[in-house]
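Add chain B to chain A, keeping to what the hints say.
These protein sequences, in sequence, are chains A and B. So in the numbering used here, the last spot in the first sequence is 382, and the numbers never skip. So in the numbering used here, the last spot in the second sequence is 382, and the numbers never skip.
The set of hints was computed from the structure by calculation and includes no laboratory data. A couple of the hints might just be wrong.
Any copy will do: because identical chains look the same in the list, a pair fits if it lies in one copy or spans two.
The calculated DMTMM-like cross-link candidates involving lysine to aspartate or glutamate, where the alpha carbons are at most 25 Å apart (straight line), are [stated by the list, open to error]: (1) K(-1) with E327; (2) K69 with D39; (3) K74 with D300; (4) K(-7) with D346; (5) K154 with E169; (6) K309 with E169; (7) K314 with E36; (8) K(-7) with E327; (9) K314 with D109; (10) K177 with E159.
Listed here are the chains, written in short residue letters.
2 protein chains.
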Amino acid sequence: MKNFEFKILNSDKKSKARVGQFKTPHGVINTPVYMPVGTKASVKTLSPDELHDIGAEIILANTYHLYLRPGEKTIKKMGGLQKWTNWKKPMLTDSGGFQVFSLAQKKGFTKKCSKTLVKIKEDGVEFKSHLDGSTHFFTPEKAIKIQSDLGADIIMAFDECAPVHASKKYITEAMQRTHRWAERCKKEHQKLQKNKKNKQALFPIIQGGIFDDLRTQSAKFIAELDLPGIAIGGLSVGESKEKMYHILDLINPYLPKNKPRYLMGVGSPDDILEAVSHGIDMFDCVMATRNARHGSFWTLNGRSHLANAVYKNDKDSLMKGCKCYTCKNYSASYVRHLFMEQEMLGLRLLTIHNVYFLVDLMEQIRKNILNDKFEKFKKTFIKRFKYEKQDHKLSF
Amino acid sequence: MKNFEFKILNSDKKSKARVGQFKTPHGVINTPVYMPVGTKASVKTLSPDELHDIGAEIILANTYHLYLRPGEKTIKKMGGLQKWTNWKKPMLTDSGGFQVFSLAQKKGFTKKCSKTLVKIKEDGVEFKSHLDGSTHFFTPEKAIKIQSDLGADIIMAFDECAPVHASKKYITEAMQRTHRWAERCKKEHQKLQKNKKNKQALFPIIQGGIFDDLRTQSAKFIAELDLPGIAIGGLSVGESKEKMYHILDLINPYLPKNKPRYLMGVGSPDDILEAVSHGIDMFDCVMATRNARHGSFWTLNGRSHLANAVYKNDKDSLMKGCKCYTCKNYSASYVRHLFMEQEMLGLRLLTIHNVYFLVDLMEQIRKNILNDKFEKFKKTFIKRFKYEKQDHKLSF
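Extracted from the complex, chain A is given alone in its bound form (with noise of 0.2 Å):
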């Protein structure tokens, strides 16, 4: 019996769209899934209870930030992320890498560029804390470690993601790197399985920028490491969205079919409809989150803002029909107040209908590609979504 094992329940018979279930040490996933982003061990604002509720059937956590506070070793001696945050379900960490390149940068210790912030070298990348400065190095091998101890079901390898603006030749060098570090990620990880009662599955990243044969050469490459799952790394930063949707295309014959396929940092609802018709089986993004906690929320018509007066003697629920605990108890009058006062529950509350609606996003995609609706179902979602997003934005 497999630790982990992906089976396709249903494909499309328009799209790339398929359905399925990946087998985890905590459980089953059903895909396309939407996982919700808990950076520091929790997803912002809600307990695992509320997440359970929801229906998440997966969520994230950051190497990076976790390693930083409190440090891999406390989780591990805790029992390991799930028994430490009370989460029973399936998780996933990321490598670090994303964060290694961007929010090191970000905090600007120094005011000089960024390369003195970064130091990338063969062996692996020095970095500052974006916390106090301090300087760290991380390897493919000290990411491998630090996942298996913080010990979540899925891992990722440590990967580099270069800026959308590089010159070809560095995103080509940096691929490279991402590769050959991949490797040694695989090495590592199975040197650490061996002993280890706690099955993962790692995931190693497509890199490769926006240029096709770097792509396909990327694609190529990481499915030869036969390993659970692939990632697809880099797109969603800054480049049009034609151009992700052409470079999931341009890469999907050379994606082994039984295998799950992840789209890190992707997206907004309409994004997800259409990267699942792109083949795409899982999703993480912190939209739902994030804006949750900046006031805004989603509705099928699309994003709102509760500081829209319109909301004020609204006595309706944020959106008519949503079956999350927020809509089902509170008017979008109450939740509006929290938020102007930036009561907390204000947030949880947004948060919780935000992340539902994503929730709920997937059961409906899974069910339509079940019953060959998807491409039915996903254009007149977006139609209607798009429509009155715009149409919202004008009346403000």
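Showing chain B alone in chain A's frame:
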């Protein structure tokens, strides 16, 4: 059948403590009771369901804050406080008096002396909003009208809580004004109640600073108004604890036995126990919720702070044997991590623990009064709570 009824189930033999039940339109309150404070119509970080699960029987909201935002008319339109907030049990609103005198001075929209900010006249009080400096005028009648619109079960008379260190002359004037205002509140309340479906109980407030003769005079006057409950204001505002208990003893003979007594703004677990033994039935205090947001929590051994490094690798709950949601599901290590990272879930988990600690304490108090074991319970609790509190402080 009366809308409000207070029934004493047992009185302690050795102290003035009593256990009772106060019937209101939204349900029965078991006294002595602790009422969590939901200043802006939300007990900070908690949902109504969590408060229900904790065992809270009544919560507070604040007239001053809700009058300013979103405005009592909005809340009235939305069906009143309970419907709006989805809290189905009893509620109490204070009159806004305390905030008018304290908040308006704190924010300092002008650097001149506080008299220019709050203008006290016989008719009422002119004050400036702490939000935007706009000028407002509260009369006793207006405070009652706003509370009528908000729709809580228990509403408070508009009083003047004079600074504890003011002259006896000033405290006398403020007390006499408070008495005249209480009469006007009663009159307005009776007028408004006539055509009202939702019945409300008005509690007038005893003032008189730390002066024995004034407190006696005020207790007599307020008792003679013959309203369903009596509140004691202007205590726990800077005077010594001995003074507070002395005043509670002093006024006790003048308070009708068959009405609930509410000591406003008190207090810590040990203060509550002492006040119960001095005949108090109702308490409110922001300490449980505010302390939580600053990382501190109660155990039977006193107050602790999560910043303490001993909790970093602590697999146990915050308090051994505690049956709150937090202690049943999370280790001190995880709650500490969430607090240190300022994750909202951490603040919520700490708030749940602290509010449960007080609600559970009240249940134990009631049980022990019923079994004639209150004084022993009180002594044992306070000895351990205070001793360990000091001991703990030394360890920092």
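Status of the hints after comparison with the structure:
no., hint, result
1, K(-1) with E327, "neither (49 Å within a copy, 47 Å between copies)"
2, K69 with D39, "both (19 Å within a copy, 24 Å between copies)"
3, K74 with D300, "between (37 Å within a copy, 20 Å between copies)"
4, K(-7) with D346, "within (21 Å within a copy, 50 Å between copies)"
5, K154 with E169, "within (23 Å within a copy, 83 Å between copies)"
6, K309 with E169, "neither (45 Å within a copy, 49 Å between copies)"
7, K314 with E36, "both (14 Å within a copy, 16 Å between copies)"
8, K(-7) with E327, "neither (47 Å within a copy, 39 Å between copies)"
9, K314 with D109, "neither (53 Å within a copy, 45 Å between copies)"
10, K177 with E159, "neither (27 Å within a copy, 82 Å between copies)"
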